[in-house]
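S.K.: These protein sequence lines map, in sequence, to chains W and C.
Per the numbering used here, the first sequence starts with residue 45, numbered consecutively.
Per the numbering used here, the second sequence starts with residue -17, numbered consecutively.
Bear in mind the hints are in silico, worked out from the structure with no lab data behind them.
Some clues are possibly wrong.
[Unchecked claim] Below, computed lysine-lysine pairings styled on BS3-like, alpha-carbon distance capped at 25 Å:
{"no.": "1", "chain 1": "C", "residue 1": "K40", "chain 2": "C", "residue 2": "K462"}
{"no.": "2", "chain 1": "W", "residue 1": "K120", "chain 2": "C", "residue 2": "K149"}
{"no.": "3", "chain 1": "W", "residue 1": "K166", "chain 2": "W", "residue 2": "K120"}
{"no.": "4", "chain 1": "W", "residue 1": "K120", "chain 2": "C", "residue 2": "K299"}
{"no.": "5", "chain 1": "C", "residue 1": "K423", "chain 2": "C", "residue 2": "K299"}
{"no.": "6", "chain 1": "C", "residue 1": "K40", "chain 2": "C", "residue 2": "K19"}
{"no.": "7", "chain 1": "C", "residue 1": "K423", "chain 2": "C", "residue 2": "K462"}
{"no.": "8", "chain 1": "C", "residue 1": "K40", "chain 2": "C", "residue 2": "K407"}
{"no.": "9", "chain 1": "C", "residue 1": "K485", "chain 2": "C", "residue 2": "K304"}
{"no.": "10", "chain 1": "C", "residue 1": "K102", "chain 2": "C", "residue 2": "K19"}
{"no.": "11", "chain 1": "W", "residue 1": "K163", "chain 2": "C", "residue 2": "K462"}
{"no.": "12", "chain 1": "C", "residue 1": "K185", "chain 2": "W", "residue 2": "K142"}
{"no.": "13", "chain 1": "C", "residue 1": "K92", "chain 2": "C", "residue 2": "K430"}
{"no.": "14", "chain 1": "C", "residue 1": "K304", "chain 2": "C", "residue 2": "K19"}
{"no.": "15", "chain 1": "W", "residue 1": "K142", "chain 2": "C", "residue 2": "K485"}
[As the list claims (entries may be wrong)] So these bits of chain W aren't anywhere near chain C, every CB distance computed over 12 Å:
{"no.": "16", "residue": "R104"}
{"no.": "17", "residue": "A111"}
{"no.": "18", "residue": "S115"}
{"no.": "19", "residue": "A128"}
{"no.": "20", "residue": "I151"}
{"no.": "21", "residue": "T154"}
{"no.": "22", "residue": "G159"}
{"no.": "23", "residue": "D160"}
{"no.": "24", "residue": "G162"}
{"no.": "25", "residue": "Q167"}
{"no.": "26", "residue": "Q168"}
{"no.": "27", "residue": "E188"}
{"no.": "28", "residue": "A191"}
{"no.": "29", "residue": "V195"}
Cβ atoms here follow ideal geometry from the backbone N, Cα and C, with glycine treated the same way.
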Amino acid sequence: MKKSCRFGAVAVLSVAAVCFDVDPTWSGAFAIDPSGSRRLEQQETEQTRHSIFTGAQALRGEAVYDAHCASCHGSKLEGTPASALTGERFVTKWGDGKHTVDDLYYITRTQMPYGDAGKLTKQQYIDVVAFMLNKNGYRPGDQELPADPAVLRKLTIKPNDSSKDTTTNKGERE
Amino acid sequence: MMKWRTTLAMSFLLTLGSGNAYSQAGPTQEELNAAHKNTTDWLLSNHDYGGQRFVDLKQINRQNVASLRPVCMYQSGDTKAFHNNPIVYRGVMYITTPSSTVALDATTCKVRWRTDRRLKSIEVHAPNRGVALKDGKLIRGTTDGYLLALDTATGKILWEKQIVDAKNNEGGFNSAPMIYEDLIIMGPGVAEQGIKGWVGAFKLSNGEPVWRFNTIPDDGEPGSETWGKPEAKLHGGGAVWAPLSVDPEQGLVYIPVANPAPDFYDDIRPGANLYTSSMVVLDVRTGKLKWYYQAVPHDIHDWDLTQVSPLFTSTVKGKTRKLVAAVGKDGLLQVLDRETRERLYEVPVTTRENVNLPLTHQGVRACPGVLGGVLWNGPAYNPVTNMLYTPAVDWCGVFKEAEENRFILGQIYMGGSYVADPMEKARGWLTAVDASTGAVKWRYESQKPLLAAVTTTSAELAFTGETSGDFLALDARNGKVLYRFNTGGVMNGGVVSYSINGKQYVAVTSGSASGFWQAAPGASTIIVFALPNGAATP
């Protein structure tokens, strides 16, 4: 997974296929330094790039996904018969730099499971979001992704030069 | 399949065929105008311009229909939703899947040619509902927003034109195009993505745009005053995803316009929200509005108007009148006089409950639900029985208005959520109505939703299918099931009948429904039925 993101004025917190911009004014649980983007960029490390959710959270999300989502979106998120939640389609729809993690959380919690929207808990929904991000190449760290729209709104999903190769997250179990 | 798809670059195109090109210059405008009388072809998606879906064939009749047998099958290798109504012209059947266009021998199912196409943009919504034919050209839309013209003899793509930018929230094409004279008439689908809807005409020769009518009006256009703030119109929905009909005598095209968006959060769009959930009647040559009828003003239930056919003539209160049937996901069949524009009668074709209750954050149960009423296949009219036969889905659910409304580019834009009743409670109704009075003559109730087309014949038969997979032949006089055949997949597409070399055939589509219908995926399959030799009676 030797991938790189374009680094702009705002620090990019991922080298995976899907990347995130962090609003420099954000001072939530994931903030490294609230003083500004430059400080953030300077402090960027392999660990911090991947610390918006944990592996345990993604695993919890996978269990929720298997129980409530896989029957429509596929056991590998391939999207049969519903929309694919991984690969080029996911990156095209979500990783265009115009969507936040909160947008993804909003759609997931207000529309899914289809025909029974809202049946899961907020924690279950955010865990599924963590799982989807994980399956799209974003690696876990040591901070959980909170079910807090105010926090999630400051995480922008970014495009990536290598975004076309996101169908699997190498190194993860199949 | 996937491997070669990924190895071919650029304008991916594969044409398979016998190599024996044959002459298929038509159908001509004269042939299309006379499609309602044609018994050897099936020339338009709904059989004829008026969409009557009536064929004057009697070889298969009430006495021998139980002897029907499959005579051939074709499987496309596709398991996406299979909705299309086949077209049959001079012994060749033309079918589509989202990615393929196929010409088959209509009596043997042998492939004449097949053209596959790889997506060039994102696919917003998978179904493709068929093609239109004229002057040697086959026209179809694609789910990523292109119009294609193919040579009907060879399957070669003659031109391909991007009409909408699917990546920019402009929708994609799902419905079958309509062709009249040298114009292709088509509009983009998927109101739920918050598109700003329209319907337009394009040149048959090259796809160049000719006219456009905004189903969600621009600022200053008539109807724009029915939306409250102008911003509401930017993502107001008003898709066009169901069949059009044409009155060639009057030069009018009838358009079914889908629901407004956001579906449930209506606070931001006060007013009638024209021309959503409406029948829009345009001058087919210019796109100028002649009149409209809004079936559901200010819809809050995702109740698209889906059907604006058949156009037919019947006697009402002692007077011969030119009529049009309009029905949609609200489950209310309405018949109007096409000349006086008067609504003559209405008939519920599903359960209808709480239709006027406003939505709440806690949820309001109403019928039909989001997946109820009449979907992409609509009523057929039989002049022998003088009845309309309407397939519908009887399925309710709970609608919730969101506490927060948010438009997210490229995402579903509902403004709330919907919880359907358990699938086990979903039923299908096929309702037969006296076309002169609106009186219900009979009703067939299926244990599963009815989504397939209905075709009726002068032998007083009605052919249709169930999502259970069963192909049905019913006595059109009383609804008695005379024949049932398990096709092995979901029936939710076309059912057509035609006669070749003196033999009557019924061709049906079987395969997958979309994911909404909680049915296992099936292979897209055409099955052609006929009577065994010797079974036909005079």
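S.K.: Please go over all the hints and tell whether each is borne out by the structure.
M.R.: Results of checking the hints against the structure:
Straight-line distance between C-alpha atoms of K40 of chain C and K462 of chain C comes to about 18 Å, which keeps the hinted pair within the 25 Å bound. Only pairs whose Cα atoms come within 25 Å are accepted, and K120 of chain W paired with K149 of chain C is accepted, the gap being roughly 24 Å. For the suggested pair K166 of chain W and K120 of chain W, the alpha carbons sit about 23 Å apart, so the restraint of at most 25 Å is met. A hinted pair counts as satisfied when its Cα atoms are at most 25 Å apart, and K120 of chain W with K299 of chain C does not qualify at roughly 61 Å.
As the CA atoms of K423 of chain C and K299 of chain C are separated by approximately 18 Å, the hinted pair is consistent with the 25 Å bound. A distance of roughly 14 Å separates the Cα atoms of K40 of chain C and K19 of chain C; the hinted pair therefore holds under the 25 Å criterion. Simply put, K423 of chain C and K462 of chain C have alpha-carbon atoms about 12 Å apart, close enough for the 25 Å limit, and the pair holds. For the hint pairing K40 of chain C with K407 of chain C, the CA-to-CA distance comes to about 37 Å; that exceeds 25 Å, so the pair is violated.
Simply put, K485 of chain C and K304 of chain C have alpha-carbon atoms about 33 Å apart, too far for the 25 Å limit, and the pair is violated. Taken as a hint, the K102 of chain C and K19 of chain C pair is broken in the structure, with Cα atoms around 40 Å apart against an allowance of 25 Å. For the hint pairing K163 of chain W with K462 of chain C, the CA-to-CA distance comes to about 42 Å; that exceeds 25 Å, so the pair is violated. Taken as a hint, the K185 of chain C and K142 of chain W pair is broken in the structure, with Cα atoms around 36 Å apart against an allowance of 25 Å.
Restraint check: the Cα-Cα separation between K92 of chain C and K430 of chain C comes to about 32 Å, which exceeds 25 Å; the hinted pair is violated. About 18 Å separates the Cα atoms of K304 of chain C and K19 of chain C, which keeps this hinted pair within 25 Å; it holds. Restraint check: the Cα-Cα separation between K142 of chain W and K485 of chain C comes to about 59 Å, which exceeds 25 Å; the hinted pair is violated. At roughly 23 Å from the closest C-beta of chain C, the C-beta of R104 of chain W stays outside 12 Å, upholding its exclusion from the interface.
The beta carbon of A111 of chain W is kept farther than 12 Å from every beta carbon of chain C, the shortest such distance being approximately 16 Å. At roughly 9 Å, the least C-beta separation between S115 of chain W and chain C is not larger than 12 Å, which violates its mark as non-interface. Distance check for A128 of chain W against chain C: the nearest CB is about 10 Å away, which does not clear 12 Å, and the non-interface claim fails. Chain C draws I151 of chain W into its interface by the beta-carbon criterion, the shortest separation being 5 Å against a cut-off of 12 Å.
Not every beta carbon of chain C lies more than 12 Å from that of T154 of chain W, the smallest distance being close to 6 Å; the non-interface claim is violated. Chain C draws G159 of chain W into its interface by the beta-carbon criterion, the shortest separation being 4 Å against a cut-off of 12 Å. For D160 of chain W, the shortest C-beta to C-beta distance to chain C comes to about 5 Å, within the 12 Å cut-off, and the non-interface label is violated. Some Cβ of chain C comes within 12 Å of the Cβ of G162 of chain W; the nearest lies about 6 Å off, and the non-interface call is violated.
Separation of Q167 of chain W from chain C is adequate, the least Cβ-Cβ distance of about 19 Å exceeding the 12 Å criterion. The Cβ of Q168 of chain W sits about 16 Å from the closest Cβ of chain C, beyond the 12 Å cut-off, so the non-interface label holds. Once the 12 Å rule is applied to beta carbons, E188 of chain W is consistent with being away from chain C; the minimum gap is 23 Å. Every C-beta of chain C lies more than 12 Å from that of A191 of chain W, the closest at about 15 Å, which supports listing it as non-interface.
At the 12 Å boundary, the C-beta of V195 of chain W stays outside the reach of chain C, the nearest C-beta of that chain being 16 Å off.
This entry does not satisfy hints 4, 8, 9, 10, 11, 12, 13, 15, 18, 19, 20, 21, 22, 23 and 24, going by the numbered hints stated previously.
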